[in-house]
Every structure is written in C-alpha cells, then in structure tokens.
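Residue numbers (the numbering used here), protein chains in the order written: chain A, 297 to 563; chain B, 6 to 307.
Simulated from the structure, these hints should not be mistaken for laboratory data.
Ideal Cβ positions, reconstructed from N, Cα and C, are used throughout, including at glycine.
Keep in mind that a hint or two might mislead.
What the hints assert, rightly or not - Here are the simulated SDA-like pairs of lysine to any residue, each with C-alpha atoms no more than 20 Å apart in a straight line:
| id | chain 1 | residue 1 | chain 2 | residue 2 |
| --- | --- | --- | --- | --- |
| 1 | A | Lys-548 | B | Asp-266 |
| 2 | A | Lys-528 | A | Pro-542 |
| 3 | A | Lys-549 | B | Asp-264 |
| 4 | A | Lys-419 | A | Glu-389 |
| 5 | A | Lys-416 | A | Gln-395 |
| 6 | B | Lys-145 | B | Ala-134 |
| 7 | A | Lys-548 | B | Asp-264 |
| 8 | A | Lys-528 | B | Asp-190 |
| 9 | B | Lys-18 | B | Ser-39 |
| 10 | B | Lys-145 | A | Ser-553 |
| 11 | A | Lys-499 | B | Ala-274 |
| 12 | A | Lys-499 | B | Pro-272 |
| 13 | A | Lys-499 | B | Ser-277 |
| 14 | B | Lys-245 | A | Pro-555 |
| 15 | A | Lys-363 | A | Lys-528 |
| 16 | A | Lys-549 | B | Leu-200 |
| 17 | A | Lys-499 | A | Ile-439 |
| 18 | A | Lys-549 | A | Asp-510 |
| 19 | B | Lys-145 | B | Pro-126 |
| 20 | A | Lys-548 | B | Val-193 |
| 21 | A | Lys-499 | B | Phe-269 |
| 22 | A | Lys-363 | A | Leu-382 |
| 23 | A | Lys-548 | B | Gly-196 |
| 24 | A | Lys-549 | B | Ser-39 |
| 25 | A | Lys-548 | B | Val-191 |
| 26 | B | Lys-245 | A | Ser-556 |
| 27 | A | Lys-499 | B | Arg-268 |
| 28 | A | Lys-549 | B | Lys-18 |
| 29 | A | Lys-305 | A | Glu-364 |
| 30 | A | Lys-549 | B | Gly-196 |
| 31 | A | Lys-549 | B | Asn-199 |
| 32 | A | Lys-549 | A | His-509 |
| 33 | A | Lys-499 | B | Asp-270 |
| 34 | A | Lys-528 | B | Val-191 |
| 35 | A | Lys-305 | A | Leu-375 |
| 36 | B | Lys-245 | A | Leu-557 |
Unchecked claim - A few chain B positions that, by computed beta-carbon distances, are all more than 10 Å from chain A:
| id | residue |
| --- | --- |
| 37 | Ala-11 |
| 38 | Ser-20 |
| 39 | Arg-65 |
| 40 | Arg-119 |
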Amino acid sequence: MTAPLLSVKNLTIDYIGETDDFRAVDNVSFDVAPGEVFGLAGESGCGKSTIAFAISRLHKPPALIRKESAILLDGRNVLDLDQKGLADFRWREVAMVFQSAMNSLNPVLRIEQQFYDVLKTHKGMRRAAARDRTAEMLRLVDISPDRMRDYPHQFSGGMRQRIVIAICLALDPRLIVMDEPTTALDVVVQREILQRINELRRKLGFAVLFITHDLGLMVQFCDRIGIMLGGKLVEQGSADAIYRTPEHDYTKKLWASFPSLHGGVLR
Amino acid sequence: MTSTSAPILTLDKVSKTFGNGPGAVRAARAISFSLHAGRALAVVGESGSGKTTCARIAMREYEPSEGRLLYKGKPVDKAGAKEIADYRRSVQMIFQDPFASLNPAHTIAYHLKRPLMLHRPELKGAAVAEEIKALLRQVKLDPDMIAPRYPHELSGGQRQRVNIARALAAKPEVIVADEPTSMLDVSVRLGVLNLLSEMKQEMNLGLLYITHDIATARYVAEDIAVMYAGQIVEWGNTGKVIDNPAHPYTRLLLSAVPDPDIRFDDPNAQVSATEADETRRRSAADQATIREIEPDHFVRTA
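So here's chain A without its partners, still in its complex pose (with noise of 0.2 Å):
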C-alpha cells in the first residue's frame, strides 16, 4: 500500500463530565490512503462522528482528545497546529460535508457569494476569478453555472446538497469528511449523488472518510470500512470482506438487522 494521507493513530476522545468522563472514542486507529473511499460505520453514540470532527480539530470542550493520539496528514500531526496552521489546513486540506448540510447554505447570501467567501478567504482570489471557479465547480456537480445568482431556497435539497459538495471541492482539498451526507435525502438522489463523489474522486483523486449507519449502501460506495462499536473499532476491512466474510460478531449482528429487497435479510 502507498503511504497513507490519513493516519489516526491512538485517537481517544473523552467527554469530561463533573464526575466522570464518558469514552466517546477508545484507542482508534486506522489509515486512508489518497483517493480512497474509508468508511465508518455504526450506530448513534458510538463516536463515528466525533471522530469526524476530531480530524478537523471541531471538537469543542468538553470533549478532550487524549495524550497518547495522533492524527497524521502526511505526516503532520493535526493536533500539534497553531490556529494560523490550522486555518490554512482546514477547507484546504480537509473539507467537511456536515449532516443536514443542505441546510448549512447561508439563506440570505447568493450561492456566487458563498463560493468567493470561501475563494478569498483561503486562496485570495478576486471576484472575476472566484465566478469562474464557481462556474467551474458548478458545472462538475451537475448544476447549471447561471444559477449562481439565485439563492439556496431556490433549489431542492438535493441541488443543495451538491453545491455544498462543490464549495467543499472549490480549494481541491485532499480528504473529504462526509457525515451522513445524504441521510436526508430520497434514495434516488441519494444514489445520484454519490456516483458522482464517486466519479469526482476517480478523476480529481481526494480521499473520502464516509460516515453511515447503511452498511448496504457503505459496501456499494467504500473501498475499505471500519465497524464501530461503544467508541472503538471492532473491525476493519475491504468493503468486500466486510460484506461477504464479517468477522466480528457485532458486523453480523449489523447485516442481519437490514431487510433485502429479494426477501429475508441480507444475511
């Protein structure tokens, strides 16, 4: 394997309380390599999506990463940044795509407005420069560009959901964090979706961190999928391996919990 982009090494996360912390992530380690698909699944409270935010260092008090952690982006250790550092890795380096993130659209700002904030913000782009950009990473999600000028409740949640994937694309990160991307949607735009993050990342090369409680959909999307479990991973695989040979008995568990569309469940 080449070496990998992403390295989680260690990664303990508590919620301190009053009295007690609570474990939210307990010793988690594993590797993306650049252009893969990883993804994290399990169900809620088991620490899927603070991990998520613990790569870009989103974590709020009074959740503290542990000591002993490392989180390695080619070989830089996220958790050692200033917050200069910091702000030239995040959007840069690693983009978020946030739950409910057709939501996460400014309603009062123009869809051109909200792609030069960012532009500028990281890149310094000017306005001519950033409307190209914009029309450029339109046109990749499927959007037309002369839709720029409209805003946000002007398109569907799907549009939404896809321009949110372009301002993510807009400054070529290399990793995408996607937490539950598209549990909002109907699954035909579900589906329409990620095939194109799919094609995207065939042809721009980033890596993908893709966080779900579908394990169906996980297997058809992922290159290789860790199974999450109380905040630590219980099992990590091909996405092949994961469907065909589970391990643990946890994944199976899993599998036997999703009805098939040809009857019985999938197991």
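With the hints as your guide, set chain B onto chain A.
Okay, now just chain B, sitting in the frame of chain A:
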C-alpha cells in the same frame, strides 16, 4: 388488492388538494386502496409523494376533497357521532418520531391509561393496572420496570414499543404506522418491525405501513402501493411488484435502493440523473389508464 375477507377500511378514489388556483397542490389524486384484517399494505414513495396525506385521510385528520372513505363498507362522512367514536377507537396511529409522540411530563403508565379510560370504560380500578401490564408485556417490555418511568428514561426503540402498546390499548382493527422505524437505530428497527408483524398476525389487524424504505416494505407487507406525485403508479402483491416492476418510476426507485451486491464503479449500475429527471417528469403527469400486468399486480400509465 385481492383478499377474500371484506375490507375494514377503504379509500375510494380519494383526492386531496391544498390551496386553490394555479398554486394548488394535488397531494393525493384518485387514491384507492383497502385494508384487510391480518394483512399489511405498504405505501412507498419519496418525500412529497403523498404517502402521509393518505395516512392522514385514513385517520380522518384531513377531509378528502373528492372521493369517499368507507369503514366496513359504509361512508364515514355520513356516520353519526357513535359510529365516529367507534371509528376513532378502531383506527389507531403510530407516529414517526418516538421522542415527540409521548408527553415528557407523564409516566408510561399514564400514556396507556388514557386510551383505556376513553375507549374501554368497562375496565375499572385494578383491571386498568392489570391491562397496562398486559399491554407492556405484549410489546415485550418489562411492565414493572417501564410503567413508572418517564419517556426521557427510555431508548427510541422502547418508546416506539410504548407507542405500539398505546395504539393496541384501544383494541383497534386497523393500525396506521407512518415511518415507524425511520428515526430508530438500525439494530432496533427490525425488532420493532417484527413486533408489528406479530401483532398483525395475532390480533388480526389491518396494517397501513407508510415508508420510504422499499426493502422494509417487502419485509413487512403482503401488498404494496408505489406513490409518486400524489398518484399510486403501481400496486399489488409486494413480491410481484418488486421482482417485476412495470412502471418507470418503480424501476427508478428500485434501481437506487442500496444493494451491497452492486458497486458504484460498475458501469451497468449507473443511475443517470437526466434519465431520472425525465422519469420523474413523465410520472408526474396524470396516469389515467390502469393495466393488469399479472394477477394481483397493476400499473397506471399516462
């Protein structure tokens, strides 16, 4: 949908329009289906397709703009107060959000006591407490542990079981379940669906199961109706409709269901966004002609 028993509840060419003039939304267009004792009908479709409107019409929350709602063969709108009360008891609902559908200020026992007092006044004193326990046991919750608790002390799955118990308290003949598992964790979903299926069998209930998840529809329901833009575009035996879909929209919906056997990289598995838009556009037009594909499998075409 074919069944030998007489239907309990029937929607007969029911339409519902919101607003008027050019901006009016036809949320339900000439919807017809029946619910039979001991059978489940799944209504599937994307958000905005009109599934919940159908559920609300069945619950008499919405008055249909056109068409009739029949209860045991009799139109409900002509029913007297006593018959309406009987209808209210007989048709019970389970809601999507297990967190919002229980009152945070009251115990679980209270939630089950209310429908018992209202719908089963013959129960008095200790009999009410006994019945509360029996209901909780029926949904596989420990009565002594759960009854005195408040909703916030229970998990989502436990709360949804309490919702089922509350619906059963009225001794209903029909249960309308609107996305009962979409807010639950994957590992508890199946347990709740299994419980609904058991209740349907044991108590001979008619179940209207509203969902966007076509795989769970197959798991739960004998019959299926696929909705798009306010119309039922295809319906019949669940296995037949899913294995041999005839309407372009049904095919589109099925092609997008997550399936671990198909990788996104597989060129044969691509769902084309432009074709999908075209299918949606055509399916939104009036689908007036009904065609029988095979016994117990029907499709509407333009």
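How the hints compare with the structure:
no.: 1; hint: Lys-548/A / Asp-266/B; verdict: holds, 16 Å
no.: 2; hint: Lys-528/A / Pro-542/A; verdict: holds, 16 Å
no.: 3; hint: Lys-549/A / Asp-264/B; verdict: holds, 17 Å
no.: 4; hint: Lys-419/A / Glu-389/A; verdict: holds, 13 Å
no.: 5; hint: Lys-416/A / Gln-395/A; verdict: violated, 25 Å
no.: 6; hint: Lys-145/B / Ala-134/B; verdict: holds, 17 Å
no.: 7; hint: Lys-548/A / Asp-264/B; verdict: holds, 17 Å
no.: 8; hint: Lys-528/A / Asp-190/B; verdict: holds, 18 Å
no.: 9; hint: Lys-18/B / Ser-39/B; verdict: holds, 11 Å
no.: 10; hint: Lys-145/B / Ser-553/A; verdict: holds, 18 Å
no.: 11; hint: Lys-499/A / Ala-274/B; verdict: holds, 19 Å
no.: 12; hint: Lys-499/A / Pro-272/B; verdict: holds, 15 Å
no.: 13; hint: Lys-499/A / Ser-277/B; verdict: holds, 18 Å
no.: 14; hint: Lys-245/B / Pro-555/A; verdict: holds, 17 Å
no.: 15; hint: Lys-363/A / Lys-528/A; verdict: holds, 17 Å
no.: 16; hint: Lys-549/A / Leu-200/B; verdict: holds, 18 Å
no.: 17; hint: Lys-499/A / Ile-439/A; verdict: holds, 18 Å
no.: 18; hint: Lys-549/A / Asp-510/A; verdict: holds, 13 Å
no.: 19; hint: Lys-145/B / Pro-126/B; verdict: violated, 25 Å
no.: 20; hint: Lys-548/A / Val-193/B; verdict: holds, 14 Å
no.: 21; hint: Lys-499/A / Phe-269/B; verdict: holds, 14 Å
no.: 22; hint: Lys-363/A / Leu-382/A; verdict: holds, 19 Å
no.: 23; hint: Lys-548/A / Gly-196/B; verdict: holds, 16 Å
no.: 24; hint: Lys-549/A / Ser-39/B; verdict: violated, 36 Å
no.: 25; hint: Lys-548/A / Val-191/B; verdict: holds, 13 Å
no.: 26; hint: Lys-245/B / Ser-556/A; verdict: holds, 15 Å
no.: 27; hint: Lys-499/A / Arg-268/B; verdict: holds, 17 Å
no.: 28; hint: Lys-549/A / Lys-18/B; verdict: violated, 43 Å
no.: 29; hint: Lys-305/A / Glu-364/A; verdict: holds, 8 Å
no.: 30; hint: Lys-549/A / Gly-196/B; verdict: holds, 12 Å
no.: 31; hint: Lys-549/A / Asn-199/B; verdict: holds, 16 Å
no.: 32; hint: Lys-549/A / His-509/A; verdict: holds, 13 Å
no.: 33; hint: Lys-499/A / Asp-270/B; verdict: holds, 13 Å
no.: 34; hint: Lys-528/A / Val-191/B; verdict: holds, 18 Å
no.: 35; hint: Lys-305/A / Leu-375/A; verdict: holds, 11 Å
no.: 36; hint: Lys-245/B / Leu-557/A; verdict: holds, 12 Å
no.: 37; hint: Ala-11; verdict: holds, 29 Å
no.: 38; hint: Ser-20; verdict: holds, 23 Å
no.: 39; hint: Arg-65; verdict: holds, 28 Å
no.: 40; hint: Arg-119; verdict: holds, 30 Å
Violation of the numbered hints given earlier is confined to hints 5, 19, 24, 28; the remaining hints are satisfied by the structure.
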